[in-house]
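With chain A fixed as given, assemble chain B onto it according to the hints.
Listed below, chain by chain, are the residues.
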Amino acid sequence: MLSLWLPRFATDRIRRLRDAASVSHEHLPLVVTGKRGNADILIAIDEAAEQLGLSAGMALAQARAMHPTLDIVPEDARADGELLESIADWCLRYTPLVACDAPDGLLLDISGCAHLYGGEHELVADLGRRLTEAGFAFRIAIASTIGAAWAAAHDGRPDTYANGDERDFLAPLPLGALRLPPPVVASLVRVGLKTIGDIIDLPRSPLTARFGAGLLRQLDRALGREHEPLTPRLPVAPYVAEKRFHEPIAREEDVLGTVEKLAARLAVALERRGDGARRIELTLFRTDGALRRIAAGTARPLRDAADMRALFAERLATLADELDPGFGFDMARLSVLIAEPAPAEQIGMGSADDTGEMVRLIDRLSARLGAQRVRRAVAQDSHIPEIAAVTLPAQMTMKDDGWVAYNRHRSAVELAPRPLRLLSRPEPIEAVAEVPDGPPLRFKWRRALHDIVAAEGPERIEGAWWQEENVEASPSGNRTRDYFRVEDKSGHRFWLFRAGLYRDLVPGTAPPSWFMHGMFG
Amino acid sequence: MRDALRQQLIYLQKPASLAEELAALPLGVSAVDNALGGGLLCGAMHEITAASEAHLPAATGFTLGLAALANGNKHLVWIAEDMALTESGVPYSAGYEAFGLPPERFIIVAVAHRHELMTAMEEALRCRAVGAVLGEVRNGSLDAVAVRRLSLAASDSGTLAFLLRAKPSHDASTAATRWTVQTAPSVIPGQREFGGPRFAVHLTRNRRGPSASWILEWRNPDDRFVLATHAEPLAAPLRHRPYQKVA
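Sequence order for the protein chains is A and B. With my numbering as the guide, the letters of the first sequence map in order to residues 1 to 521. With my numbering as the guide, the letters of the second sequence map in order to residues 522 to 768.
In silico DSBU-like cross-links for lysine-lysine, where the CA-CA straight-line distance does not exceed 30 Å:
1. K489/A to K444/A
2. K489/A to K688/B
3. K261/A to K243/A
4. K688/B to K444/A
Think of the hints as simulated: they come from the structure by calculation, not from any bench.
Chain A extracted, bound-state conformation (with noise of 0.2 Å):
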């Protein structure tokens, strides 16, 4: 477990953002403050602040008064929150288990990890010196838990390297460092136990007693008695396979190059469990800290490497322009984000029945234009025809899509025609009709006038009115609905519907009215 503290992060972040704007400025101690109850107080210091006999929490006044030449920036929390989660992302390139530790600080699993970089010591000095890069102060620890690290990193020697021997090396420590609340560091410090020494061996009881449940917890947890579980801010992919470049690439070819070489990876330990991928990322470390994710769905599960390499030409042809790899990618990393048990006839590029094929156009189709436009219609449960006619992307599978149950009962009752075009909104229309329930004998639609020659109808369908009127969804609200089918002097044919029944009229609530909702062919 890898502790990152970034101590003086409000700071370094105005500097950084000045140096890039490349304002000349006074070096002046620069101070962050912030309220904090109804008191102006400083957050953040940077060194020369401290250096000047600064600390955070001081009140802005005082401060002041001691110093009046201060740079004093107010805080901007959201920044530095943003700030943090790109530093997260970018601590991708070591494990894909990273999660903030808010505010200044990431922790990191990096077992298992390790020894790609060549070892801890490694991994630590090429952190450390991609950070000084980048213009941070920081101090690191690693240790076997997530609370030894974060006490070692935070108040203890920086780079340490604690294995084993937590318990010697916490002792000396205060007892801020177990991340205690400050009342409860307050009252033992109260009764004299200042470090982490003092309690290590105190009879447990009393302290839980006196102290609560959470000061034993936390030093169990330090010293590895009790399981600490670390929430990484993204999902764990159940596959992942990456390559480090020595030499950055940047050409289109060598990423999609590099894609196929990975998916075959992928493929040998997707088919050793029987799984197919249905979700694949493919996350590019940017030499200068920037990294992209791009990520392709896929219709049925997919094992084969050069099917997968298909799918990120496409999607790298959509993104052409925004891929812009700067100085080149040094690191690329193929994680399958959802896998799915797939049997394997469904997989490989031999494969010669159409069905194959099929997927395998949807697949490319929803890759380059998004996976929502590319739809199929499904057989809904509903007799509203809105509901009735929504379609799904086509990538996403069922085991019954409704046809099946659709068209036993289609052959069995006679269905009244429907029109070949919807409108996804009803529309408004202005409708004369002979009697107050009758069909329309003459309307306008969308400034044109039509004359009624034959009418079909009504088909009555009951609004939705189980629901709450909702006139946003749809302006027609949940009225019950008279449906005509109508056909005008020249021939076009109309699907109409009159909202609401004239013998339901109340004084107060709204009339009738007409809605366009459909052509047919």
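Relative to chain A, chain B alone:
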């Protein structure tokens, strides 16, 4: 080297629609099939234009009827721009079923730009599992090169390609046929009963025969076109045009 280039040139010059080996899809109406030289050419692009925007549903119906004749058990891919779907309505599964197209074999693709429409059509045309591709263009002109690529893609795979246009246009096209479709009254004058969907179709461009006009009716249970009987024929008589010879 030069020979290879020449070969390539011949290949590029060959009008896709005139290739000998391509199959024809009979409409089942002898008058139409004769004019088309046996039927609608598979592996070619056909342009179907609504006489005006109001006639777009009819043009849609006619196109879907043609696609249904071809479909077999393959898929139909309908690609349209977002604007077209918002303005003219989305394909409704219960509706196109009446044209004999099973909804489960129907893929609808919405695209944001014209060039995406073209590339998606080309991609779909090259897929073996697809029987017909329908691209809907609301207005504006088409990139001639992209249209040509579509024709070539269609002839390579033998898939039917339809360009459905909401307004007539006069841009040059490599389409094998171009149709202008109007809706025709299905109701017999004096009666108040609906017949099947009727289309007044004008074959305005035909690479393998004369141009002509008919009124066709789609018969639902047997899923085929018939010549409309009770309606008056359109005023325009058959106009013969000599077969176009391509050097």
